[in-house]
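*Asks:* Take a look at the letters that make up each chain.
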Amino acid sequence: MEQLLNDFSPGLFFMQVLILGIILFLMFKFAWKPILNSLNEREEGIQNALDEADNARKEMQNLQADNQRLLNEARAERDEMLKEAREMKNKMIEDAKEEANAAAAKLMEQAQATIETEKKAAISELKSQVANLSIEIAEKVVREELSNKDKQVKLVESMLGEATLN
Amino acid sequence: MIATKSIKFFTILAVVFSSLTCFAASGGSTDTKEGQVNTPESINAYIKHHLADSHDFALYSYTNDAGERKHVGFPLPVIVWTSKGLKTFMSSEFHHNDDGHVIVEKGDVKLVKIHSKIYELNEGADHVVFDAHHHATNAHKVLDFSITKSVFGMLLAGLLMLLGFSSLARGYKKGAIPTGVGRLLEPLVLYVRDDIARPNIGEKKYKKFMPYLLTVFFFIWILNLLGLTPLGFNVTGQIAVTACLAIFTAVIYLTNGSKDFWAHTLWMPGVPKILRPVLALIELVGFVLIKPFSLLVRLFANITAGHFVVMSLIALMITLKNQFGPVASTGMSLLLTLFISVIEILVAFLQAFIFTMLSALFIGMAVEEHDHEHAH
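Chains A and B, in that order, give the protein sequences.
Quick note on this note's numbering: the first sequence kicks off at 1 and runs consecutively.
Quick note on this note's numbering: the second sequence kicks off at 1 and runs consecutively.
Excised from the complex, chain A in its bound form (with noise of 0.2 angstroms):
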């Protein structure tokens, strides 16, 4: 103990102060103040980075989970028109195909009556041309016939023969 009191030297221990004093003030302004901000603020840059990476991508979820929404909308939606035109597809041509029909059986009907009309025309003329025709022959005949005498009393003959018989 002796030992280490005779030791101890007051002036060292006063320029120890004096120089840790003096130190502590130089490194306190030119160092610790400088280096201890910048670690903060680089650190409070570093969370805030953190963050904001961490909220974009929260938000790049829901953006994500928006769009799928969206998309399902969009291919639900698609179907129905899909589906829509479809029915109206088969729809349409369904009432054409009755259309058609009611005009197909309609232009039958027609035709068929006017084949009728013009079958009956057609027949009452051809009556009245067979009726002119046998006439014209019936009268060739008969002129034919009445040139000659003896072939007219024949004929008036015969004739009376059949209408006897009649």
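A couple of the hints might just be wrong.
Lysine-lysine pairs mimicking DSSO-like chemistry, simulated, CA-CA at most 30 angstroms apart [as the list claims (entries may be wrong)]:
(1) Lys33(A) to Lys174(B)
(2) Lys273(B) to Lys291(B)
(3) Lys29(A) to Lys173(B)
(4) Lys205(B) to Lys33(A)
(5) Lys106(A) to Lys89(A)
(6) Lys33(A) to Lys173(B)
What the hints contain is simulated information worked out from the structure, not anything from laboratory work.
Computed from a predicted model, the values in this text were never measured in an experiment.
Use these hints to put chain B onto chain A, whose structure you have.
*Replies:* Just chain B now, kept in the frame of chain A:
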């Protein structure tokens, strides 16, 4: 940039060498009887001399062909407060004498150096008289503000710290990530902050004490490491230095003590009233005396012991030469010294860490605020 740096470097080198040579020239002539260090007694004296502070910066010494003892190093300024006022001169005026034989007269004051301490001779005396215990009887110590080797070491450590960390601080202006030496220093700063200050002082209050803890940590560490270089500093092995550091810590935690701290120290709640003064006394003695004392002794003793062991192991090559021969004793000494030196590098860090850690712990105890909801 590089050119100016190298110019600076060479200027410093030139100054150092010019002072070296003149010191060598002036030193050797009178001091011839001091021989080589080769007996156990001279080894002990040498170690003792090294562990003490020194007034000049000796690098090495040798005996030349003419048998003269030459010392290489440089002198440091001596600044003493004597009975006749402030006296300053260079330590070379003592001519390396350390046993009071060389008397330096400054005005009407006669000064001598005995075992690295400067004494003033009493009025009328013209040489030092020693008693049986080798204490000077007709001289008294003076207040010695010299730039001793330790003071020089502290200035060097301070300069190194200031250079290194101000470059780190400047580095942050260029970018958030430090470059160069800052890359090494930044993790150390973060280590002190995150592993020493934060856990011991607490998240709310640690910032205020960061500059002190950082300064003390690097100051002690650099000085411990300087002590391991062949320059032979022994700054943190000077009890005045460790005492100063411990007192700084004590002043800081005593002046920053919270209301709770003083309440718990001086009038411990939850204890029978009769016991409270006794506890207050114990707590006060603990905080004012025992804790700073443990800090100062721990650092001082560890570093001194380290230096003592390393020097003793180096001396093995002389003390064991007779028993084992020169080769074996030198080999043993080298191996053991290497081993202990590596451990000392660890101890250099460890002691800086422990001092800072305990400072932070004591500060943390003092600034802590209890929530009074729970019962004590």
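*Asks:* Take the hints in turn and mark each one as holding or not.
*Replies:* Hint check results:
The hinted pair formed by Lys33(A) and Lys174(B) meets the criterion: a straight-line CA distance of about 16 angstroms does not exceed 30 angstroms. Proposed proximity of Lys273(B) and Lys291(B) is supported: the alpha carbons are some 26 angstroms apart, at most 30 angstroms. Taking the CA atoms of Lys29(A) and Lys173(B), the gap is near 15 angstroms; set against the 30 angstroms cutoff, the hint holds. Annotation: proposed proximity of Lys205(B) to Lys33(A) holds, straight-line Cα distance about 16 angstroms (limit 30 angstroms).
For the proposed pair Lys106(A) and Lys89(A), the alpha carbon gap of about 25 angstroms is at most 30 angstroms, so the pair holds. Proposed proximity of Lys33(A) and Lys173(B) is supported: the alpha carbons are some 13 angstroms apart, at most 30 angstroms.
In summary, this structure violates none of the numbered hints.
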